[in-house]
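Peer 1: Sequence:
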Amino acid sequence: MSDRYMVVFKNSASNADVERYITDLNSSGGVVHNKYETTIKGFSASIPVQFFERLQQDQLASDSIIDIIEPDSIVTTQ
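In this text, residue positions in the sequence shown follow our numbering: the first is 38, and each later residue adds one.
Think of the hints as simulated: they come from the structure by calculation, not from any bench.
Please read these numbers as outputs of a predicted model, since none were measured by experiment.
Keep in mind that a hint or two might mislead.
When the alpha-carbon atoms are kept at most 20 Å apart in a straight line, the in silico EDC-like pairs for lysine to aspartate or glutamate are as follows [said to hold, decoys possible]: (1) K47 to D109; (2) K47 to D95; (3) K47 to D100.
Just the calculated beta-carbon pair ranges, DEER-fashion [said to hold, decoys possible]: (4) S83 to D54: 12 to 22 Å; (5) S49 to Q115: 31 to 41 Å; (6) Q87 to V45: 14 to 24 Å; (7) S51 to T113: 31 to 41 Å; (8) Q115 to A53: 31 to 41 Å; (9) E56 to D100: 14 to 24 Å; (10) E90 to D54: 11 to 21 Å; (11) Q115 to Q87: 34 to 44 Å; (12) Q115 to S65: 32 to 42 Å; (13) T114 to A53: 26 to 36 Å; (14) T113 to Y73: 12 to 22 Å; (15) T114 to S65: 28 to 38 Å; (16) S51 to Q115: 35 to 45 Å.
Think of the CB as a built atom: it goes at the ideal place given N, C-alpha and C, for glycine as much as any other residue.
Modelling step: build the complete structure from the supplied sequences, incorporating the hints.
Peer 2: Laid out in structure tokens, this is it:
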């Protein structure tokens with residue numbers, strides 16, 4: 038089972054770092070829906086549970102390049 042999340046990387050993350058996560062995600066059965074490179078660095082994707090757990094562990098590491106992992110949703114303004 039996969040859920041859709043948005044993963045945002047810290048400014049210190051290189052494009053190669055982000056691409057490695059995307060490659061690993063695809064290999065794990067996930068699907069990237071959008072890739073962000075302008076205002077923020079990251080992606081939204083359907084992420085399998087095991088890969089999501091890996092992202093959470095990586096985010097807790099002292100040298101983590103992952104800034105935010107949150108459910109992907111529609112944001113509107115009034």
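Peer 1: For every hint, state whether the structure bears it out.
Peer 2: Hints and how they fare:
1. K47 to D109: holds, 18 Å
2. K47 to D95: holds, 13 Å
3. K47 to D100: Distance ~11 Å between K47 and D100 Cα, so the pair holds.
4. S83 to D54: 12 to 22 Å: holds, 21 Å
5. S49 to Q115: 31 to 41 Å: holds, 35 Å
6. Q87 to V45: 14 to 24 Å: holds, 21 Å
7. S51 to T113: 31 to 41 Å: holds, 33 Å
8. Q115 to A53: 31 to 41 Å: 39 Å Cβ-Cβ, so the 31 to 41 Å window holds.
9. E56 to D100: 14 to 24 Å: holds, 18 Å
10. E90 to D54: 11 to 21 Å: holds, 19 Å
11. Q115 to Q87: 34 to 44 Å: holds, 39 Å
12. Q115 to S65: 32 to 42 Å: holds, 38 Å
13. T114 to A53: 26 to 36 Å: holds, 34 Å
14. T113 to Y73: 12 to 22 Å: holds, 18 Å
15. T114 to S65: 28 to 38 Å: Distance hint for T114, S65 holds at roughly 34 Å.
16. S51 to Q115: 35 to 45 Å: holds, 37 Å
Checked against the numbered hints above, the structure breaks none of them.
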